[in-house]
Every structure is written in C-alpha cells, then in structure tokens.
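Chains as they are written, first to last, in our numbering: chain B, 566 to 1025; chain L, 566 to 1025; chain C, 566 to 1025; chain X, 566 to 1025.
It should be emphasised that the hints constitute simulated quantities derived from the structure, not laboratory data.
Each hint should be verified, as a subset may be incorrect.
To be verified - Keeping only pairs whose Cα atoms sit at most 27 Å apart, straight-line, the calculated BS3-like set for lysine-lysine is:
| id | chain 1 | residue 1 | chain 2 | residue 2 |
| --- | --- | --- | --- | --- |
| 1 | C | 942 | C | 1014 |
| 2 | B | 719 | L | 662 |
| 3 | X | 719 | C | 719 |
| 4 | C | 857 | B | 857 |
| 5 | C | 719 | C | 662 |
| 6 | L | 942 | L | 975 |
| 7 | L | 975 | B | 662 |
This is what each chain is made of:
Number of protein chains: 4
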Amino acid sequence: MPGIKWLERITNTVADRGRELLGLREDEAKNSLADLCRRLIAGRGEASNIALAREILRLFESTDKDGKDEFFATLASQFGPAPQGISEASAAFDPEKPATLARLIEAVEPPRQELFRRLNMAPHGTASLVAMRSELLDRLRANPELSSVDADLKHLLASWFNRGFLRLQRIDWHSPAALLEKIMQYESVHSIDGWRDLRRRLADDRRCFGFFHPALPDEPLIFVEVALTGEVTAEIGFLIDPEAPLTDPYAADTAMFYSINNALRGLRGISFGNFLLKQVLSDLGDELPQLKRFVTLSPMPRFAERLNMLLAGDIEDWPRERLDPLLEDFEPALAEHSNQASPSAAVFELLQNFDQHAAALAGPLARLALLYISAMKRSPGVCCDPVAAFHLANGAVLERINVGADKSVKGMTQSYGVMVNYLYDPEQVVANHEAFVQEGRIAMSRALKREHEKHIVGKR
Amino acid sequence: MPGIKWLERITNTVADRGRELLGLREDEAKNSLADLCRRLIAGRGEASNIALAREILRLFESTDKDGKDEFFATLASQFGPAPQGISEASAAFDPEKPATLARLIEAVEPPRQELFRRLNMAPHGTASLVAMRSELLDRLRANPELSSVDADLKHLLASWFNRGFLRLQRIDWHSPAALLEKIMQYESVHSIDGWRDLRRRLADDRRCFGFFHPALPDEPLIFVEVALTGEVTAEIGFLIDPEAPLTDPYAADTAMFYSINNALRGLRGISFGNFLLKQVLSDLGDELPQLKRFVTLSPMPRFAERLNMLLAGDIEDWPRERLDPLLEDFEPALAEHSNQASPSAAVFELLQNFDQHAAALAGPLARLALLYISAMKRSPGVCCDPVAAFHLANGAVLERINVGADKSVKGMTQSYGVMVNYLYDPEQVVANHEAFVQEGRIAMSRALKREHEKHIVGKR
Amino acid sequence: MPGIKWLERITNTVADRGRELLGLREDEAKNSLADLCRRLIAGRGEASNIALAREILRLFESTDKDGKDEFFATLASQFGPAPQGISEASAAFDPEKPATLARLIEAVEPPRQELFRRLNMAPHGTASLVAMRSELLDRLRANPELSSVDADLKHLLASWFNRGFLRLQRIDWHSPAALLEKIMQYESVHSIDGWRDLRRRLADDRRCFGFFHPALPDEPLIFVEVALTGEVTAEIGFLIDPEAPLTDPYAADTAMFYSINNALRGLRGISFGNFLLKQVLSDLGDELPQLKRFVTLSPMPRFAERLNMLLAGDIEDWPRERLDPLLEDFEPALAEHSNQASPSAAVFELLQNFDQHAAALAGPLARLALLYISAMKRSPGVCCDPVAAFHLANGAVLERINVGADKSVKGMTQSYGVMVNYLYDPEQVVANHEAFVQEGRIAMSRALKREHEKHIVGKR
Amino acid sequence: MPGIKWLERITNTVADRGRELLGLREDEAKNSLADLCRRLIAGRGEASNIALAREILRLFESTDKDGKDEFFATLASQFGPAPQGISEASAAFDPEKPATLARLIEAVEPPRQELFRRLNMAPHGTASLVAMRSELLDRLRANPELSSVDADLKHLLASWFNRGFLRLQRIDWHSPAALLEKIMQYESVHSIDGWRDLRRRLADDRRCFGFFHPALPDEPLIFVEVALTGEVTAEIGFLIDPEAPLTDPYAADTAMFYSINNALRGLRGISFGNFLLKQVLSDLGDELPQLKRFVTLSPMPRFAERLNMLLAGDIEDWPRERLDPLLEDFEPALAEHSNQASPSAAVFELLQNFDQHAAALAGPLARLALLYISAMKRSPGVCCDPVAAFHLANGAVLERINVGADKSVKGMTQSYGVMVNYLYDPEQVVANHEAFVQEGRIAMSRALKREHEKHIVGKR
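With the sequences and hints as input, model every part of the structure.
Here it is as structure tokens:
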C-alpha cells in the first residue's frame, strides 16, 4: 500500500520539523514522559501535537522497565477523571435534562483516553499503542490498579479495530517477506521452523488467510492455515511436514483448518476469530466450488492437565457418575501396560510408545476426551476446553476424536496426543450456534453421538 | 483497493444467508427499526449480527422522513443510559476503588453507542453512519433533544476518523471516475461545471489532494485545489476558467491554494483541514523543489453581510474609533458615484460596474476589509471571518487584500468581490500560530502592516 | 501502474540531460529528422540514444503534413536494405552453410526496423510508433511505395503486441477518467454521447472489458460492451438508452454483446477480437454462473450498399437462382407500399415508416439478409459481411435476424435497420469454427435453419 | 499484479478446454513435439492455438535430455526457410520493385520464428521460451548447427525485451518472497547465504533495484545492490557481512554499487546493465539528494588467470616494455617473501597471509592491476577485463585500485584479492563514454593518473 509509506514520509517530515520547534532534546530524561503527555493533552496546534505524540512514543519505547512501570503507574494515578468533577456532575444529573448527562459522561471520561487518541496520530501510532498494551498486560496481574488504564486502552482499540474496518487477505508466497516473517513469528499452534517450512505451508495445496487493519498493513491480526486434502485428516504430522508431497488443489474435496493464531498480544480480548473462519469458508467455497467439507484438526490444550489432576485425586469437578464407568476401563488398561506408579506417568509412558498399546488404551482415552469436552462446563453453555468452546460456539459439529494424532512433545504434554475434528457445515452453523449458546447442546457426528449415548450418557 | 470489494462480496454473502435465517421479510415495516436495533444490541452471534446491521441500515435508508424522525426520537428516548443505573453507580462511586469508576463509566455509556458500533460492521456500515449523521444534523435545530444522539454518533466518528487513520492522496485525471464525480459534487467554493471544467482543474499545471479513510476509498473527506503559477494571483477568474491556457508546472514558483472543501456533511465538527494543508505543503515541496511561495486565494464569506448591517445601522460591534476614520473616506466615495439610497445597494451597484469606479472605492473598501479581518473578534484570539480564522490559526501570514477579485454573484454577495491571499511560510508557521492563538496577534506582510499602521491603528 | 509513471520520470531526466549533451536546439528544422534517424541507428551510447529517440519523436509530432510526407518518403527510399548487399548475400547463399543464411537474413532486414526498435526506447515510444503508423496508413493508398515502411512497422508492432503480453481488464465507473475518455472517443459502433451516457453503459447491469498492453496502460486496444438481460434482445434502442432503468445483474440469464471496438488505428491488421470475446465469455461465466446465453446484437454494415447495388442492377454477384424467388416476394411488396421510382429509395422510405409496413416487408427483407450472410462469399469460407465473417469464424451460431432493430440513421443507411444475433455456445465454438473455416458451413439456430431450407436452399 | 494472475486463470481455462478438443493425451510421446509444432504453425483457430502452444511447452519441459536434443535438432533442420523459395525470391529480387523485396524477406524468415511467436501466446509462454533458450545455449558449443535456432530465438527475445518495455523497481524486504527467492538464487558476484543474509542486504541503509518485464513480474532481469555509506569503501567484507551494524541512510554521502547480476541465462547477449545503472543513479539522486558520490566496488574477474599465465610464461600479450619495469619490483618481492617455486603459487600464498607481506607486495600488485586494466586490449577501445570494459564504456572513472579487498576464495582465485572502485559522475558520464569508445582513452582519478604516469607510461 504505497499510500501508507507516502503518508509516513510526510508525517515524519512534519514531526521532525515540529520536534525542533518543541525544543526537545534527544536525551530528554524518561521522567518527562508524563510531562510531555500533559502537554499533548493540552496542546492546540495539530502539527506540534503530532511531533509531541511521536516523541512520547519514542521515549516510551526506549525507556527501561522501571521507567515504563512508573509511566503506567502515573497513567493510572494522574490521568484518570477528577473525583470532584464526577461528584458534582453526579449530583447535578437529571434524567430529564440531556445536558446534565452530557456533562456526566464528560466528567467520567478519563483524560488518558484523549491522550491515547492523540498518540494515535503519530506515525505508526496505532502499532505503538498495540505494543504499549502488550507491555501493560504483562504488568496487570501484579498491579491490579492498572486495570483502569487497560480498560481505557482496550476500549479505544476495540473501537478502532471494529470488524467493519478489517479486511481479509490471502497470504501466500507472493506476499511481502516482511509479512511472512510475522507469520513465522506468530504461529504458536504448530511452530514454523524457517523459510523452507513456511514455503511448504503456503504451497499450492494450502491456503492461508488473515485479517488486516489498514493502519497495520504488514501485520496479520489473526490468521488461519488450511490444507486442501482428499479426506478428513486425523493426524497432524503430515500437514506440517515440510517434505510432504504436493497434491492437486483442484482435486481436493476437503479443507482442513489446522491452525488459527491470534497475532497481536496487545489486542487480547478483542476477538476476530469467528468472523475470520466464516469469511474464509465463504471465500474457499467461491474459489474452489468442488470443496465438500470444511473441518478443523484441533488440540485439546487443557485435557492432559485436567486428566492428570483427576488421576492424582486433586480435583473433583469431573461428573462422577459418568466418569466412573469410563475409569473402570481406563485404569486397568493403564495398570496392565505400564509399571509406573503415578497414573499420569503411566499414561505418558504408554503414549510415547503409542503403537504397541494403542489397542488397549485408545478406546478408553477417546471416551474420556469425549466426556471432557461434552460434560465439563466452565459455566452454563461454555465447555471447559477453550478450543472446543470456540468452535462449538461458532456452530461447528464435534465430528471425530483422534487418539495418537499429535505425537509432538507439546501435543503429548497438553492433549495426551488427542486431536479433534470440528466440522463446519454452512447450512447448520447458525442452528448449532443457537443450540449450544442457548441450551448448551453440542452437535455431534452420528458416530460420536452413538458413542456418547452408549458409553457416556447411557451408563449413567 | 481490491481488498474492500472482496470483503464486501464476502460479507454480503454472510449477510444474505444470515438474513434468511433471521426470518426477515423485505417488507418488514419501519416501526420495527427500533426492535431490530434492540435485537442487534442483545445479539451474540456475530454473523447474524452483520445481517441484522445490514438490514437496519437498509430499512433506515428506504424509510420516509416521518419514519426517520421517529427512529431518531426513539434513539434519544429509549437508547440512552438507564437513570436508575446511573444513580446507583454514582452513589457507589469511590475514588479509591477503580472498580466503582469502571461501573460508573459503564452506567453512563448510552447503549446507542454499542448500537452504532455494531451497525458499523455491516457492509458499507461506516458510509451509512456518516449519512445517518447528516440526516440527524438536519433535525438538530428543531429537535434539541436529539443532541445526545448526535453527541454519541459524533464521538464514535471522531474516534474512527482519527487523523492517524487518514491518508493523503493525489487526485488527478487518472483517478477513478467515481471519485472525480464526488469532487464535482462536493466543490462548493468555486463550483465545477461538468467534466470539461473538472479536467482543466486537474491538468498538469494543477494539483488536487484529498484525505481518505480506508473504509471510504472513493470519498475524499476534504480536498484542496492548487494552481501552479508564476506569481501570487489576485483574481479568481483565471484560475477557474476552463479555457485558461496550460502553463509549465516546472517553471512555476508559486502554489496557489484556491479552494478547500469539506466533503462529508456527516463529519461536521471533525476537522482535518489544517493537517491537509500542511501535508500538501510538504508534498508539493518534495515534488517541485523550485516552488518558493505557498499562498491561498480565499473569500471573506461574511464580509458583505457584516458591512451591510453596519451601513444599515443594525450592528454596533465594529470597533468604532478605528472604523469612523475609514468611513469618512468610504461614504463620500459611495455617495459621489451612486444614486442608490441605501448604502449597501450603492456598494453593490458600484462593484458591478467595478472598472469605472475602482479608483475611488478600492482603497476604502480594502481598508474596511483589513479592519474586518484584523479587529473584529468572535472571541479573544479568534477573528470574525471563519476563513481568516482558519488560516491565521494555521500559522499563515495575511499577505494581500484584493478588491474586485471575484466578480461572480456569490463573490459579490458574500465578500463584495474582495479576496484575500494568505501566505504559508513553513519556517514561520509555528511561530505565527502561537502568536495568533496565544495573543491574538496577526502576522501581516510588510505592505499590509504599513497600511494597518497608517490607516487603522495609527488613526486611532 | 505506478511503475510506469516512475520510469517515465526517470527516463525524462536521462533524456533531458542527454538532450543538452547532444547539442540539440528546440527549433532544429524538420529536415533534420532523417539525419537524426541516421545518428540514432549508428549511435552506441544507450543514454544518448534515448535522448535522440525522444527528440525524433517530438520533432515528428510537431512537424507539419509536408514534413511528415517527406519523412515517410525518406524512410522508404533511404532506410531500406542495400540492394548490393542483398545481391552478394543471395549469391553466396548455400543451404548447407547456416552462416550464409544468417548473412542473407541480415542483408534483407531494412535498417528502419532497427530504427523503430530504438525509437521504442524513448518515453512513450510505443504509443508514438502506434500513432506514427496511423499517419502512415492515411498515406498508403496514395503512396503505394510506402507499403514497405508499413510492412516493417506492422511487423514490429505485431511482435510487440503478441497476445501473450496483453491482459484483459474490466472497465467500469471506478476506472481512471483518462481511460474512460478513451472509451468515449473510440466507441464507433453505437456512439457515446457524453459522461452521463457512458455512466449508464458502465452501470451494474453492464460489463465492459478491454485488452491492454503494459506499455499503454490507459489505452484499451479493443473493448467489448455487454448488457446483462433476461432475454435475447432484438433491438438496440433499449441497450444504448441512457435512461434505461437499471436491472438486477444477478437475475440476468443472458449476456448481450452489443458493441466491439478496435481502438487504435495504428494497430490495424493486428487482430485481438477473437481472444477478447473468448476470454470475456470465460470471465463472465466465472463471475455470474447463472448466465445461460452469450449472444451478440450486431449490424450488417455492408448489407444496404450491396442490396442497393443489386436493385440498381449494378452488380451481379448475388447467387441468382436463390435470389430470384426472394425478389419475387420483395419487389411487389415494395411496389405496393411505395411510389418511389428507385427501389432503394422505396426501401428506405418504407423502413423509415417502419411500423405500418412491417408486416409486408419484414419477411422478404429478413430472407434477403439471410441470403446475404449465408451465400455471398468474399472467398471460399469467408462470407461477404465482415461482422458475420468475424463471428462465424469465431465459432458462433447465426441465431436470429431482426428486422427494424436499429432505426438510427447509421443503422438504416448501412444495414437497412436489420441486426443479427450471433450466439456463442462454449461447447460448440470449436466445432462451429472448424466447420466454417474448413467447409464454409454456417451453424444456424433451428428456426433459421428451417427458414433457410424452406425459402432459400429449398427453392433452388 | 493481479491482472497477470487473472489472465493466467482465463487462458488456463481456454487452454484446458482446447486441450480436450485437440484430442491430446497426457502421455503423448515426445517424438510428437515436432508434429505439434507443425500443427501450431498451420493452425488458424486462436483458442486451439493457445492450447497447442501450452501443450508443446509442457511436453518440452517434461521431456528428457535426449528428447530435447532431438527437438532442437529438428528445429534447426526442418523449421528453417525453404532453400528453393529463397533461390527463387533472390532471383526475382529487383531493387526497383518493393514487392520483390517483401517476397524475399518472407522467403528468408525461418518458420520457427512464427513458431516461437505462437508459443509465446501460451500462459507463461515468455518465461518458457527464455528457459528454452537457456537449454539451447548449453548445447551451442557442441552443436554449432543450432546457432541458427539460437539466432531466431534471440532475435525475438531482443525485440520483446526492448528497453521501452522494461521497468525499474525497487526491491526490499516488502517485496514478495517469491521475488526475493530469485534474488538469492541469481546473486553470483557475492553469494547470499539464506534469508538472514538477504535481509541485511535489503536493510534501510541499502538499496536494491531491478529491471522487470511485465510478462515476468517476479523475475528481475538484472539487479544491482547498493550500500549507502560515509566513504568510498575499499573492501568488500563489511558490505556483505550479515552482522554489519545498521547505519543512517540519511547521513550517507556515498552510494556503493557492490554487485550487479544478470539473472536470466536465457537472455544472454541482450544487455540491460548500462540502462539499469543510469536509472538507479537518477533515482537515488532523487530520493537522497545528499548523496555526493556514486561508486562501484568491483572485481577483476580475469586478472589472476592472466597474471598466472604471464608468470608461467604461457602468454605474451602483456605490453612488454611497460610490463618489465613493473616485474622488476614484483618478482623480487615475491621471491623474498615466499619459498614457493611457481610464481603463482607464491602470490597465492602471500596473499592468503596478506597482512604480513602487504607492504612489500601491495604497490607492485596494484601497478600490475593498473597495467592490466589500462593497457591490455581485447580489441581497440575495449579493455581486457570485462567488468572494467563495462563500467568504462558506461562512462565511469577508474577511481581506485584496492589490494587485499576481497579475501574470499573466489576473490583470491579470480582477482588476487584486488577490487576496483569505478566512479560515476553524472556530469562526466557522456564525455568519458565518448573518449573511451572513440579513442580508447580511460578517465582516471588524479591519484591513479599520477601513478599511471609515473610508473607505467613514464617508465616506458
């Protein structure tokens, strides 16, 4: 997008000139950050404001951890709304008089919101604010008093990254190297090991799409990787193997969504995932009308942890009456095939030599996974596994549970090697979404429904 | 921008499918607009929300004036914050507890803000909301209770059209016809009479630049027209003459800014003008390093009205002691050259036959214009003429006052034919801005300063 | 295409500098054109060659008719191959020795080919050479000795405009104004009367596509206009009416190709039309899968002339035995409804009051048109009507003959108001093409086939 | 360039359909290549011609070495002009009758030229023909009878890659990965070791430009790498070190051209280098007006070989009377510092331990290098070293000779570690070019001129 570059050059010029005129010195100490912010909020000249905004963002970036801590603390303590003003406006509030509401709204708005808006005018301001929030999130747990600063920043970012401003773009080997570098950096589900690996993931039998914001042209906000195949893939290995032979995309009838990544940590809590998936479904259907199935191959990132805790007797939140019959199959199989004292160590040992003991363990483990997804609730209508929750709330069908599907260390440690296929059927998506969100009902494939009735609900 | 089109197609698809699923009928009555809005605010499924948003915007566009009146009234009365909630949150507010502030902020936020945010997700949502605000502004004077709706909509638009998201683009004969059509439609200073006229204004010895927002790729938010000349032009006629001979842009040393237009009424009160001018200065300097002067040729849109009122004795706000000596020159000149009873009619008559009586009237009229710009204040530091106020606050120099410079009906009726050159000197812009904004001091050319001292201040 | 502009700026710079160094004066007389060309062919420095090339093209453009005549004459007489060299190389030619062939090829290549290749290096060189050929074509008939110059220029242009370098682009209201201006200028089948008219032709229920060459980004080489309709249109009036109401393109099942225009006269004899039509068919099918029919509405540009000559007894090339039975219906109908002495005047009179006498004349006229298209041959396998020849050689079906379809003066004068629908069926295109080109067989719709057998072949 | 992709899709469709209709089978044997070519030359249907062309190119690519050998042999023996036709046309040739020349030109044109023109119409036809010529060049030395095929192919490619169709593009980290991959592959002067290395070469203090043809959008035909520095760099090491610290491009006053690469072997003999350099000079000057010097750092790729041959007594073409005084310094220095029997082995040994013996060897070696460049002629006005010949013919100044400048194995083996700075002064370029090309005079820096007079010419 040449426009962006051009604009940048211009505003840099404005900013540089302004900078001189502000009388700012390169080495101006970090403790002046808050002072500069005060000047920026008060400033009336727009060109000098851009210069100030740019200076503040540069200083913030170059300052050390302590300086940033201090800056955030100041934002929390000194850039909030004036309590006195709030009290007065509250007292004066009269529902019959719109002006009193306007005054109250104004009184409660923290001045740091205006500060952030003005910082956004600097060249690359949006990117800098997203990065600033990322730093802020790091400090939130230890410094709960920063939550109001985060609320304000998140409020603005959510407004600016409104879905109406995003655009979907295909990412492939013709994309700019600067963008592809980000893909490698942000892929956290199945990591990409260098350019050769990346190239395979962007080959002709693959698709990759991301959402982009016009102010961050080389930054995918979220992206999804898709493989075009002739079947519903049950194991991840083939899909991420850089040596996998190329297949004919026009002969494929299945689109396997095998990785979805949120890229910018500073946008945490501002979700784009469900839009992305649906637009990609729509686009793939247009480009490749022969596609019949849209299916994910997804991890269960908390399954191992929860199962370990259960086996160790640490938690009680598994639904006991459904669980016990499953354990009756599982624990003997474990005991028979492993000498490990701890059950979780036994599971791990067995899975690492998966092939030999698959027959014995596969069935019971799959049923525990089904129970984990279908019955354990974080809250009514929201299941315990975050990935399952995402796809089911999106209207997907729980299609298949695959034991031994991801033998990487991460796959073993998090999901005990189990991966799940969720199927997206454009005709059913809305109905499934409603059923799940309203009644907590999970749409399942026929096979899983039978399994569920026979082994889980049925044994109740 | 292909991305935009593509996105649109996709979201149309999503929206069409969603529409069916919503069970909406084409002829659904307009009184359901508010109901649909309530559903949209409450909705959880993002795809169906896009469909709903699109439906609401379509209904709004196709509804008649009464329906829109009713819709706005409902937004004002029923989509504001709950007074009960505000009272409770006000009462609970404790400056020491951030959570109580968060609750208060939430309580005062009108639900219509969330409504507007969700409407923005529809295809072309941003354009529709800008158009909606334009309709709203039409009703504001007669319906002051709508001001809170306007405040909310303006708040969001100001956030979305943050300077950091805009980009400057050159507009020329290679621009899309759809965009050029908008230029013809929005040019209100010196109207453009058809494509031939437009073509001349975009020829090689001209420049035109606009600010664009990524969500409105064919809509210039504001644009400026520039002529490259060999002198500071004193009359507008030549610059807007479609038959004016082409000159060599590389031989020009002066850039004449002869028209600045805000395009979208729905963005009233959200200003971009000063950024635009400064970036255009910077860009022209880069492209054509031989340019030495950047000067406007601007109207004084309220001069005739104020002078008429003065001559009719209707107002008293001209600074009397400076005015009287000027009138001593002006009124006899009038009387001598015209038989009209009313002074304003006399002025008008004389100016229409400008050439013959120029000598007699030009000097006195120019001095009155100088007094009007330099001495009449709307408020401290803000002069009475809006165009003068704009350029002086931007840091321009009051360079020259040209009598008989615009002989069009509009030029006569509004400015008594007078036009002003404001000069932008990049080196002085910041200092002039500060002097004007802080102290009300106006930077003038040497010639005008002398004139000012001799005839205006000096006679005091 | 920013690259092009950029390049142009650069080469201008190079050229300007080079110009100084060449010691060329602006007013250098036109008779030096040939001298400059000799310098260019001999020149070794590439930068100075660009300057020279640019200079020659500028001089040529600004020179008057006589100067151009002289320049072309010089190209013919002095820039051909040396006869002596040809004779020697011919004598030395030995089929067994490749080097002797190479020498012969070199000997016969006219130096003006190298001249044209070097002229092409100037900024806008390609466009200038195309324009130069256009001027040359104007002189060809009167100056047959220029044919060798034309052969050389055409040879190079045909090589440069090889189909492999062209690209199809959609043209719509978002296209650059500079390009749309060309569309208005080049449309010669159904002329476009200003921007409003153009806008209707580019509305949502229309499509327009052109072939472009990368060196001429704003010049469509050939373009086609398409209307999306719900039926095979028989009359042109509605399709070119700027007031015609908009229809829903997604509900259309028929694409009517109602105008194809070669744009650049300087490319005469280098054909792109059949590629264009086929690619447009393919593209429309992709974008709008609901389209079922692809049909033209075409004139018969020489029908009236040929029929007039026949009726005046001036020509004898109509196939007599088929013609006579048709005239037996036609001439009495003429005589009965008109008092004009000359038959062609009678036809014209009748057609101008078409509605009243349609019944009497329509059938006989349609049959004469069918005979004209199907039986009159320019050469074996190439029918007499150039438009029919184009579409039939392209593999189209002769679908329908419409009497009274174009009542414009041009339509009456050239085609007696008759227009023809040719239908493109992707499945049959290759077979029809082969049948027509190899055996002269014309594919017809069932109705026309019946008509043809009954009234034309049958009466034989 | 979306246009290209789109076009490709379309023509693929056309080609696929055509393919069926041609009745071609995937496994059609390679010996049919020539038959298909005959069909293509004879074919009249354009769509089926595209299908045929594509098929021929696919078959050629997938055929083995023997098949290609045979194909090229057939092109040479059977697709040349008919000797009989040439003889007849030669005999009939009459300089007074243009038609006889036209016939002769036609008679000598080998049919394979038309074949290549038609092959170019296939999707990616141009790229395939360039690749085909690359294969052909491999066979040329062993099969001189193929030279006529090469002449024809080269003739067409030179016409298509006419300078007027090329465009200069900057290449940086935002360029498509597919293009950057080519840069890594084609860089042969100072090889690029992976993406990290590449990234450094495209950082902010570097520039890279290439020439592109519209038909090969991701293929740089030739590219140049530039480093922005604060001095004329004498050693290559720093410039190609991936760990070299970033410097400020806006503070640089020197542009060092350290690598120029022709990319496509299939375009050998069609030169773009001098255009590229001059346009890059012009562009850099525009972007970075503070640049004062444009200098290369270039190898002397045949110096070591020639010097070795001289020292071994194998050649006699060094200008003896100038050489002998230089050897009087050089040989004793060699003998003193090395025990190697062969002089070339001694040189090599010494240079590998360069630092210790630099003082002794540097001066004599530099002088030999100066003699090599300045006095050894391949032909009048063309010096022996190809890189020197290129830059001097381009108008550069021989600025400095740097001993020990490239210590890589390649640098040692080819240039004995010596590198040369050639300086481009826009003001002098044309004069230097003329002096070198016309009179063989080499423009030198003052220091080198002094050295030359004192040690080389002076000792004569």
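How the hints compare with the structure:
1. C:942 with C:1014: Measuring from Cα to Cα gives roughly 19 Å; hence the hint holds.
2. B:719 with L:662: At roughly 19 Å apart (the allowed maximum being 27 Å), residue 662 of chain L and residue 719 of chain B satisfy the hint.
3. X:719 with C:719: 20 Å, holds
4. C:857 with B:857: Given pair residue 857 of chain C, residue 857 of chain B holds - Cα atoms ~25 Å apart, limit 27 Å.
5. C:719 with C:662: 31 Å, violated
6. L:942 with L:975: Holds - the C-alpha atoms of residue 975 of chain L and residue 942 of chain L are around 24 Å apart, at most 27 Å.
7. L:975 with B:662: Violated: residue 975 of chain L and residue 662 of chain B sit about 41 Å apart, past 27 Å.
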